[in-house]
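Below are the chains, spelled out letter by letter.
Number of protein chains: 2
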Amino acid sequence: MFKKILIVGCGLIGSSILRGSFSRKISKKILVFEKSKKNISKIKKINSKVIILKKLDKRISDIDLVILSTPMSQYEKIIPYLNKFLNKKSIITDVGSTKQNVLKLKNKKLNKYLDWILSHPISGSEVSGPEYGTKNLFLNKWCIIVRDKNKNKVKKIIRFWKKLGSKVILMDPIDHDKIFSLTSHLPHLIAYNLIKTAQDFQKKEKRNVIKFSAGGLRDFSRIAASNEVMWRDVFFNNKKNMVDVINMFIKNLNSFKKNIQNFEDKNLRKKLINSKKVRKMIINLKQDVSEPDFGRK
Amino acid sequence: MFKKILIVGCGLIGSSILRGSFSRKISKKILVFEKSKKNISKIKKINSKVIILKKLDKRISDIDLVILSTPMSQYEKIIPYLNKFLNKKSIITDVGSTKQNVLKLKNKKLNKYLDWILSHPISGSEVSGPEYGTKNLFLNKWCIIVRDKNKNKVKKIIRFWKKLGSKVILMDPIDHDKIFSLTSHLPHLIAYNLIKTAQDFQKKEKRNVIKFSAGGLRDFSRIAASNEVMWRDVFFNNKKNMVDVINMFIKNLNSFKKNIQNFEDKNLRKKLINSKKVRKMIINLKQDVSEPDFGRK
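So the sequence lines, in the order shown, correspond to chains A and B.
Residues in the first sequence are numbered consecutively from -9, following our numbering.
Residues in the second sequence are numbered consecutively from -9, following our numbering.
One chain only, chain A, in its complex shape:
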């Protein structure tokens, strides 16, 4: 499909692209740019055919597809090398969780004759590092591709993600950043905030409460173990939407508080019942399975 692809940054997402690309025969030649020594030795174990680059130089001049899978804050440092060495037939894509900032960066810093089609696979986990990658990370998961004038190269990027198993959808960057501020970025921030609150509570009460986390705290702690650099980048780059959804969340939480303080039975129960509808929707949309969870085995 592509003669030669380059994965820049090979953590959980990059190594999943690597595994998926080899196993689905997306490219015969796969190069990985990675600086961490610890990661390099792990990547070599994934597939002996992978070519590791410790720096970006003329060896990337004939690359067909470049996938940026570093934290977004690294993109700016990488662009000068793409400008210097890539040929104009190549396509660049990325996996960043926010898109308006990436588009701005591309317009400002990338040579005009180079093409960067922005994408965002909705997949991940609380773990980081190439050892956790899996060839099926993207299977049946959404991948958002940002609309672009270059229809031909968009088609190629669509084919790439479909080959990896994704369900692809095109979106405008403004819509993208708004939607995912709610469905992804806010839930992560809320999980982090709950764990921070648990830590403060434990300090104040001077006793081990985390010991009893099976009551619900457990599931949030998993989400709150996600990579801190990646999430710092997301929160900062989606600042305006984050502030909006945080304000909505706090407004609703104050209303819940009022319901509890005043024993407002009807109002409270209506909210509790309504959230079951969302759960049903999510299961019908195959975003989760219906089997009950009694705690992971």
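The hints are simulated quantities; they were obtained by calculation from the structure and are not laboratory data.
Hints may be right or wrong, so weigh each one.
Note that the list lumps identical chains together, so a pair holds whenever it fits in one copy or between two copies.
Here are the simulated DSS-like cross-link-like pairs (lysine-lysine), alpha carbons at most 27 Å apart as the crow flies [unchecked claim]: (1) Lys241 - Lys229; (2) Lys125 - Lys39; (3) Lys152 - Lys260; (4) Lys145 - Lys261; (5) Lys230 - Lys28; (6) Lys99 - Lys247; (7) Lys256 - Lys25; (8) Lys19 - Lys45; (9) Lys194 - Lys247; (10) Lys157 - Lys98; (11) Lys261 - Lys201; (12) Lys32 - Lys143; (13) Lys194 - Lys(-6).
Given chain A's structure and the hints, the job is docking chain B onto it.
Chain B only, in chain A's frame:
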């Protein structure tokens, strides 16, 4: 262990006690008080030896152990029947998620010669109903028992929960309600609130955003599908602690918002890194497994 036990209310928790008690030979004779016709036919299928009571009358006079596993708001209606028909050798226990209110109710309404040892198994799921119960619901999970003067009967209740597989710990009711407001009640309220916020957002944006729930919203929607009567009872009965932890949570969330608005890199990242420590603790305490989660299969 007990000659005759009575389970009052046979949903997820009650039917798990029923299954666990039969399979671990805790009692030869198990009676279930249940009014819902739909539930009764499901309960009969669990074990043909179960005796169903549609009302509480003199048939319960020789019961050794009564377990209240209805929503807490039902306890007050049940007590008069226990007062009327139970003998003083019997023990009452319950599975309610808050304990100060139950203690108050017991002191006010239960005949003085009857003994009620309060307990709270930290187990459950987002599903309700007897069909979802499992004999191992309590296995290796905490069960909190409220300290009581009647050491002899406390011992029997400890043995009962240990037989069902629980790890038992004694606690004061004030401590109990405080600790679980944070580790269980707040996480559930937060999950409900996130789903409410998603519904409001969807209405405002007039587009299907829940479709993209795999980004984190999914896991919260599971928790927010829990039984609404049970959780209404919990929130109302733990009002003071709920208000305290909600306030702590909002304070911390406002601080996160400030970090994002002002690009406070160091402060933000410190919080994000710190929550990994809690995750490690939870895994070391065997409250969860360390395997990464890529979405449930």
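Hint-by-hint comparison with the structure:
1. Lys241 - Lys229: Both ways: Lys241 and Lys229 sit 18 Å apart in one copy and 19 Å across, limit 27 Å.
2. Lys125 - Lys39: Result: close within a single copy only, 16 Å intra versus 50 Å inter.
3. Lys152 - Lys260: For Lys152 and Lys260, the Cα distance exceeds 27 Å both inside one copy (41 Å) and across copies (37 Å).
4. Lys145 - Lys261: Classified as neither; 43 Å inside a copy, 41 Å across copies.
5. Lys230 - Lys28: neither (37 Å within a copy, 50 Å between copies)
6. Lys99 - Lys247: neither (48 Å within a copy, 29 Å between copies)
7. Lys256 - Lys25: between (58 Å within a copy, 24 Å between copies)
8. Lys19 - Lys45: Answer is within: at 17 Å inside a copy they meet the 27 Å cutoff, but 74 Å across does not.
9. Lys194 - Lys247: both (22 Å within a copy, 23 Å between copies)
10. Lys157 - Lys98: neither (30 Å within a copy, 60 Å between copies)
11. Lys261 - Lys201: Classified as between: cross-chain Cα gap 20 Å, same-chain 30 Å, threshold 27 Å.
12. Lys32 - Lys143: Neither: 32 Å inside a chain and 58 Å across chains, both beyond 27 Å.
13. Lys194 - Lys(-6): The answer is neither: 56 Å in one copy and 45 Å across copies each exceed 27 Å.
In the structure shown, a violation is registered for the earlier hints numbered 3, 4, 5, 6, 10, 12 and 13, in ascending order.
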